[in-house]
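Visitor: Given the sequences, and given the hints that come with them, work out the whole structure.
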Amino acid sequence: MKLWWNGTICDESEAVIPVTDHGFLYGMGLFETFRTYGGKPFLLDRHVARLREGCAELRFAYEPSEADIAAAVAALLRANDLEDAYVRWSVSAGSAPLGLPAPTGYASPNVLVMAKPLGTGSPASKELHVLKLPRSTPEGAVRRKSFHYMNNILAKWELAARTASPQAEGLLTAADGIVVEGIVSNAFWAAGGALYTPSVETGCLPGVTREAVLMLAREAGLPVIEGRFPWEALLAADEAFVTNSVQELTPVSALYDADGVMRKRWSPEAGPITNALSRAYRALTARE
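Using the working numbering, the first residue of the sequence shown is number 77, and each one after it goes up by one.
Keep in mind the hints are simulated off the structure, nothing from the lab. These figures come from a predicted structure and were not determined experimentally. Don't be surprised by glycine CBs; every beta carbon is placed ideally from N, CA and C.
Derived CB-CB ranges, DEER-like:
hint, residue 1, residue 2, range
1, 355, 87, 33 to 43 Å
2, 183, 155, 20 to 30 Å
3, 128, 101, 20 to 30 Å
4, 128, 208, 27 to 37 Å
5, 125, 77, 20 to 30 Å
Guide: Written out as structure tokens, the structure is:
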């Protein structure tokens with residue numbers, strides 16, 4: 077695999093991160109995952125805005141640029157002979173003395189870009205499993221897409237111990253039982269003609285696809301309710317779906333509680349609201 081490492085295309089074996097990089101030592105790093113359509117990164121302006129905010133908070137001397145990222149992704153696609161890809165853009169703190177950093181932050185971050193082929197298609201539907209492991213709180217005021225991923229990995233292992241189904245996604249709740257998000261997704265459900273999703277105040281990631289779906293729902297005149305909800309609120313839902321930048325909108329076909337008992341079943345086909353928003357999202361990918 078060819079990588080983009082600090083401005084240069086190189087082989088995977090040639091990209092070396094110093095052991096003094098605080099991304100390695102302390103998890104000080106951020107990343108964005110997105111996919112391309114027709115070779116162009118989708119919703120890149122929103123990914124760049126989120127990355128810029130995170131870099132400012134972590135005091136990285138790095139200013140992401142839409143033009144630079146688009147050019148780097150295009151070069152990486154050519155180098156790997158890919159028409160479209162799943163892309164991960166990572167920014168680590170860079171080398172610094174051992175110990176917690178000075179308030180001045182990090183002067184020389186490292187930037188790594190990886191691309192891999194897209195899957196053969198998004199799953200037709202997902203099973204949603206409430207997990208026993210609680211969602212960790214954000215490291216700062218807002219959850220960043222950071223290198224601090226132990227909570228997600230432990231959640232993935234809990235889910236794998238329960239089911240080997242590739243159509244399964246774990247639903248993480250806070251210590252008080254409030255729905256936060258999926259392991260790699262944001263969660264939505266519809267009830268009584270309104271669209272519901274956990275608010276950012278729950279500690280969920282302010283996902284780029286999440287924001288696009290909320291925008292499309294409001295444009296369609298659909299009532300949108302963001303808030304704090306127990307997972308049992310999904311029992312009254314007419315339909316549910318999860319979102320991320322690679323799999324887009326995926327319907328949820330069943331809900332399992334933390335003891336592994338199925339508590340709700342929906343049609344594996346997208347419901348009317350999920351279907352309408354999916355069509356609007358796909359139309360957006362063609363416009364961007």
